[in-house]
Amino acid sequence: MRFSTAALPFALFAIVNSGAPAPYKAHRYTPPNDCEIDTFEWKFALAVLDLDCDYKKYDVDHDLDFVIEIPDGQLEHGCGPVYPLSNCEDCFDVFNYGGYTPKKTKYKRGGEPCGDGDECELELFCEIDANDCDLLITLKNGVLKDEKHRTGEIVANHQFQFDKPTQSDALYTKGFSIVHEHGAYLLALEHKTKFWHCKVNENGLYKIYDAKIGGQCSPIELLVLKSGEKAFANKYNKGKW
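FYI, in mature numbering (1 follows the signal peptide of the UniProt record, and there is no 0) the residues of the sequence shown are -18 to -1, 1 to 223.
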């Protein structure tokens, strides 16, 4: 069946005004703020925290719930490994912020040194052994990669996962950063640290999203756990990334 192109503008107007979904349009990427890190020199893992949790209540017996990646690139947590806070270098100081002296090294986005007029200071990162991680991620120019060189993205149903190639209707394929809030470093998307985990089954398994998709979802934040493994081969990034 053939359609006249002259009828298309009216047809599109009718679809939008009928309440039917409008044609897909990707979100526009906005650059990071000066105190956001959009390129990080270290590989890192992620752990799930309840939104607005009181970190000061965490003690050495607390377990961090790692985000893991299944073979098809989906991210989940709840049935995977946990990591004792006591095994994490500087984590106890981070969660009891206010009782330690932060490092005085200044930075701006990308991890580059700040000038004298900049006010961003490099606080303590939670640090873990790379060998203890199921998933290690890199961040460069707002783009996340896993160790299979798949790209972190928010797909059309709002799920957070890694794909290669990226899905054509993905909502976000960049715009990620690391920000310092509430005394800890958190993963952010478009400057926001709020994500959602949505229950999959009664065994405590959750998938991760950038939006609430139903009553089985609750808000979370994603703690950045710095490893001792460099993300890039050298400062010119000529190595494999």
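By construction, these hints were calculated from the structure, which means they are not laboratory data. It should be emphasised that the depicted structure is a prediction, and the values quoted were computed from it without experimental measurement. Treat the hints with care, since some could be wrong.
Mimicking SDA-like on lysine to any residue, the simulated pairs with C-alpha atoms at most 25 Å apart in a straight line are [said to hold, decoys possible]: (1) K122 to T148; (2) K130 to D114; (3) K127 to G197; (4) K130 to E211; (5) K122 to G165; (6) K146 to D32; (7) K174 to T148; (8) K194 to D32; (9) K212 to E18; (10) K194 to L153; (11) K181 to D145; (12) K181 to Q141; (13) K122 to V30; (14) K130 to G165; (15) K181 to E211; (16) K156 to D54; (17) K176 to T133; (18) K156 to N139; (19) K174 to E184.
Taking the hints in turn, this is what the structure says about them:
1. K122 to T148: holds (16 Å)
2. K130 to D114: Distance ~18 Å between K130 and D114 Cα, so the pair holds.
3. K127 to G197: violated (30 Å)
4. K130 to E211: Holds, at about 16 Å.
5. K122 to G165: holds (23 Å)
6. K146 to D32: Given pair K146, D32 is violated - Cα atoms ~30 Å apart, limit 25 Å.
7. K174 to T148: holds (22 Å)
8. K194 to D32: holds (14 Å)
9. K212 to E18: Holds, at roughly 19 Å.
10. K194 to L153: With Cα atoms ~15 Å apart, K194 and L153 stay inside 25 Å; holds.
11. K181 to D145: Roughly 22 Å separates the two Cα atoms, so the pair holds.
12. K181 to Q141: Within the cut-off at roughly 13 Å; holds.
13. K122 to V30: Satisfied, since the Cα-Cα distance of roughly 22 Å is no more than 25 Å.
14. K130 to G165: Between K130 and G165 the Cα gap is close to 31 Å, so the pair fails against 25 Å, i.e. violated.
15. K181 to E211: Judged against 25 Å, a Cα distance of about 32 Å means the pair is violated.
16. K156 to D54: Holds - the C-alpha atoms of D54 and K156 are around 20 Å apart, at most 25 Å.
17. K176 to T133: holds (20 Å)
18. K156 to N139: holds (16 Å)
19. K174 to E184: Given that 25 Å is the threshold and the Cα spacing comes to 29 Å, the pair is violated.
In this structure, the hints that do not hold are numbers 3, 6, 14, 15, 19, in rising order.
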